[in-house]
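Trainee: For reference, the chains in residue letters:
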Amino acid sequence: MDYSDLGFKCGLEVHQRLNTKKLFCECHCDPNRGEAPEATQKIRRKLRAVVGELGKYDPAAAFEASKGKNYLYIVDDETSCAVEADEEPPHKMNPEALKIVLTASKMLDSKILDTIFVMRKTVIDGSAVSGFQRTCLVALDGTLPTSKGQIGISTIAIEEESAGILEAHSEGEVAYRLDRLGIPLIEIATTPSIKDGAHAMEVAEKLGQLLRSTGKVQRGLGSIRQDLNISIARGARVEIKGVQDLKLIPKLVENEVRRQINLLKLRERINEKHILLGEEHFSVKEITQTFSNTGCRLIKEAQKRNEKVFAMKLIGLSGLFKEQMMPSLTFGSEVAGYVRSHTPARGIIHSDENLEEKYGLGVSEINAIESELNLGDADLFVICMGPERVCHSALKVAFERCMQIQKGVPEETRKAEGEFSVFLRPLPGSARMYPETDLAPIRITEDMLTAAENGVPEPLEKKKSKYLGWGLSEQIAEKMLRSSDWERFEQFCANNPKISQIVAVTLLETIVSLRREGIRAELLSDSDFQQLFDLYLDSKIAKPAIPELIKLKCANYSLPFIKLAEENSLLKFSGSELKQLLLKTEGSPEKKFAEILKTHRLRVDALQLRQLLEGK
Amino acid sequence: MPKIEIRRSNLPSIALIATGGTIGTHVDYRTGAVFMSRSPEEVLSTAPELQEFVNLKTLSSPFTTSGEDMSIQNWQILATETAKHLNDPEIKGAIITHGTDFLHFTSAALSFMLKNLSKPVAIVGAQRSPDRGSFDGTLNLNCGARFAAYSDIAEVAVVMHGSSSDDFCYAHRGTKVKKMHTSRRDAFRSINDRPLAKIHSNGKIEITNPSYSKRTGGAVAADTSMETQVAILKAFPGSDPKILDFLVEKKYRGVIIEGSGLGHLPTGQGGANPGVFDKKFSWLPAIKDSVEKGVFIAIASQSPYGRVSPTIYRNLRLVKDAGGVFCEDMLPEVAYVKLCWVLAHSKSHEEATKLMLTNLRGEINSRLADDEFLL
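These protein sequences, in sequence, are chains A and B. Residues 6 to 621 in our numbering are what the first sequence lists, from first letter to last. Residues 292 to 666 in our numbering are what the second sequence lists, from first letter to last.
Same shape as in the complex, but just chain A (with noise of 0.2 Å):
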């Protein structure tokens, strides 16, 4: 596919967690460490839609609104307070965390702007439990370099974290949890420059790489959101949210382009075959009675919950729910996820199914329906199932997606799944953000910028040099680079770079096998670090040593390293101790130094040792 060709245009939106206590409180939650505390309280609200300052419905707030919805939220009192149950209004923004976002701006080449207002952005989801998330802009007009030339950063702001869903509690309810609620985010959102799906992935590991070298990131799942905009010409921009493994994102924007040039498709062959879906065109017919004795499992369970079924016709259209948007998706099932996204109706069935293998129903009944709706060859029915009005909406919605087909590509907000997408809800208007009145507006004073200036870390290649410099090879070098330990990694090797490889296998690779075997090393404080490099730096102990003494140090936290050194033999052997060893040992000296190192592995420095050997 030739992109340029396409018209494509994909631009990418970055939602980073910062490391720091709460944008508007005093409260702190990393998701991603220790346990989730009790919960201390259950509050019950109903989020209402509000008109917009301009007069107009936002029409995904209605959208929401109109599933009548219960929100339930669950607090614990560790990581939330009365500001996340909206009972309190907030406390001025964390200065630390629009700190960091000040120095990401200026990694980014932005204009930092001189006073920043915080607004309110209209949520009724009910993961911001006042009905709005507050989100700053800070910076605009910045620039990536990449290897497809530069990218535009068209905006960076500052904003609230939402709260974090939990399963769908009961039929109306949906449960939240609160402690997430308020970290603070860093939003980079880059212009629609973006060339195709492997330009994308870039941008995406080059923004990620920039942000977690600030050090000031939260680190683990969730802590980091992409979402991609795509279009192609003559289609229509598709908000694609929660992209989660970045190899997989040249696929999903592959698989995007697709859909939407076969939805262009659909629409050409629609108009050439003339069929014209209009409003008037909509009747839905009760057809319960034709599965009076039926083998239907779904029907009979809906026929015990005293629910009935219904149908409708679309002329002229049969084989349109099976035509393929992208692999693993029809437009059937595109069809579907509209349905269940906006009525509580669990699915449909249609014609363009293989009804009898799929569901179990019968021939006959497949007539009766045929002959209810006066179907003709290429027709195709739809049917649902539940409650009369349920029903009534959620084929008037299978209906109006139909009619959007004469539209060709409808602008949307999808959710990743993979390298596919699923419809998630319409794209949200623009009448949805207005001034948090509960703030005033914030200056950017020279000392902030200044601060922030010096909190620009180097540059990534610039720390690689070093880090090899050190010693580290190419391959450790660029894990330590994408890893959360640079900091201490060089805070360890600033004075004695020569055990930089040490060290940095340690961070990177001792701990990891360790935590394997269920040992926490993770536990040790930067000072034990210290402390057992600094036993190695003094040829107190040999490498191989270094990982037993961490499995000692945890399971005896209060002995001292050097102590656990001692009492389990875990001393380097001297140079007069390997002497003595050496005459010990009989054969040629390879095979005293295989002896040697098989059975004082963990004693012995092996350099050390070929050195003596090759002395003699």
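These are computed hints drawn from the structure, not numbers from a lab. One should not assume that every hint holds.
Cross-link-like lysine-lysine pairs, in silico, BS3-like; alpha carbons within 27 Å at most [unchecked claim]:
1. A:246 x A:211
2. A:584 x A:503
3. A:51 x B:579
4. B:489 x A:47
5. B:541 x B:611
6. A:252 x A:469
7. B:495 x A:51
8. B:541 x B:495
9. A:401 x A:412
10. A:116 x A:126
11. A:545 x A:503
12. A:47 x B:542
Per the computed footprint, the stretches of chain A lying under chain B, defined by three or more beta-carbons under 8 Å from a beta-carbon of chain B, are [what the hints assert, rightly or not]:
13. 81–95
14. 124–132
15. 522–534
The beta carbon of each residue, even a glycine, is placed where N, CA and C say it ideally should be.
Given chain A's structure and the hints, the job is docking chain B onto it.
Mentor: Frame of chain A; chain B shown alone:
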């Protein structure tokens, strides 16, 4: 701003009187904060479902202000307006929207000013502004309207959230309620009384206090005369009673003094060895002096719960003997409002004292149940 279409129906009719408050705010681009400016129709747009269960026969707005800017004169205007609507035989009750700050002053004032109250009056507010999805005013409006139209409680009641959830409101007796938190939805709590009713979000009204005046068909009179020269003072360690002399000089006719605990004021005579207590900080001479000059001195407590007493401790008896009138279990704010009303409705100190110590509108609860603390 969106306006709601007012429909006529056969549902019970109520009067809506909008006076301002957070419940009626917009974003003010002049100051960047919120500002009270909504008309009653605009207020209603935040609770469109109201018309599913009541008929809004009249909508009015005698003024639009914040809770903290309320004045005695505004209470009088409001009482007159309310009585006028209540005397329409079709009207079942009234709902007043109001700022939450000092709302409990207004509820007390209306309780005294509405003579022979025969129908429910709900006063509602909101702690969050209407621009947000979590606006708490909607439930308060709905519950207040139900209270006004469907309950048989002929009292002035503050109807606000009963918990941090959107599941029910309490109707608090207007003379027994206080705003106890600066920002929580359930900031209003009944003090020294149980709430009158629990109004669930599904509309069910549950009576939680059997002691209330029942609905009758009688006419309501607005008896609004108020003495305005009344003040509230707080006594505290190091407080100088000269402040009372100052008020007397300025021709104040009544002062509520918030003492400590049972109604104590510093006298220096509380214990056997008072340490360092400068005699000039004893409140006794100032009280004696002001009473002699005809000023009514009423004693309430800084502890909102419980009852004051003129006898338990020596200091209390000394204050009583100096002429202080101990106000039972009345909140100081309610004692203040009551004193304003009483001084305008009595001709002598004796008469005023009798009225202050008579339970006129539920403001004095002679039986404090043991489990009515911190409800």
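Trainee: Could you run down the list of hints and mark each one as holding or not?
Mentor: Right, here's what the structure says about each hint:
Of the pairs offered as hints, the one joining residue 246 (chain A) and residue 211 (chain A) holds, with about 19 Å between alpha carbons and a cut-off of 27 Å not exceeded. For the proposed pair residue 584 (chain A) and residue 503 (chain A), the alpha carbon gap of about 26 Å is at most 27 Å, so the pair holds. For the hint linking residue 51 (chain A) to residue 579 (chain B), the alpha-carbon distance of about 57 Å lies beyond 27 Å, and the restraint is violated. Taking the CA atoms of residue 489 (chain B) and residue 47 (chain A), the gap is near 20 Å; set against the 27 Å cutoff, the hint holds.
Taking the CA atoms of residue 541 (chain B) and residue 611 (chain B), the gap is about 24 Å. The hint holds against a cut of 27 Å. Using a Cα cut-off of 27 Å, the hinted pair residue 252 (chain A) and residue 469 (chain A) holds, with the two alpha carbons roughly 23 Å apart. For the suggested pair residue 495 (chain B) and residue 51 (chain A), the alpha carbons sit about 18 Å apart, so the restraint of at most 27 Å is met. With a C-alpha separation of about 51 Å, the suggested pair residue 541 (chain B) and residue 495 (chain B) falls outside the 27 Å cut-off, and the hint is violated.
For a cut-off of 27 Å, the pair hint linking residue 401 (chain A) to residue 412 (chain A) stands: about 17 Å separates their Cα positions. Distance restraint check for residue 116 (chain A) and residue 126 (chain A): the Cα-Cα separation of roughly 23 Å lies within the 27 Å cut-off, and the hinted pair is therefore satisfied. Distance check on the hinted pair: residue 545 (chain A) and residue 503 (chain A) sit about 16 Å apart at the alpha-carbon level, within 27 Å; holds. For a cut-off of 27 Å, the pair hint linking residue 47 (chain A) to residue 542 (chain B) is broken: about 54 Å separates their Cα positions.
Taking a C-beta to C-beta cut-off of 8 Å, the segment 81–95 of chain A contributes 6 residues in contact with chain B, enough for the three needed, and the coverage statement holds. Only residues whose beta carbon comes within less than 8 Å of a beta carbon in chain B count, and the segment 124–132 of chain A has 4; three or more means the coverage holds. For the segment 522–534 of chain A, the stated coverage by chain B is not satisfied: 0 residues place a CB nearer than 8 Å to a CB of that chain, which falls below the threshold of 3.
Comparing the model with each numbered hint stated earlier shows that hints 3, 8, 12, 15 do not hold.
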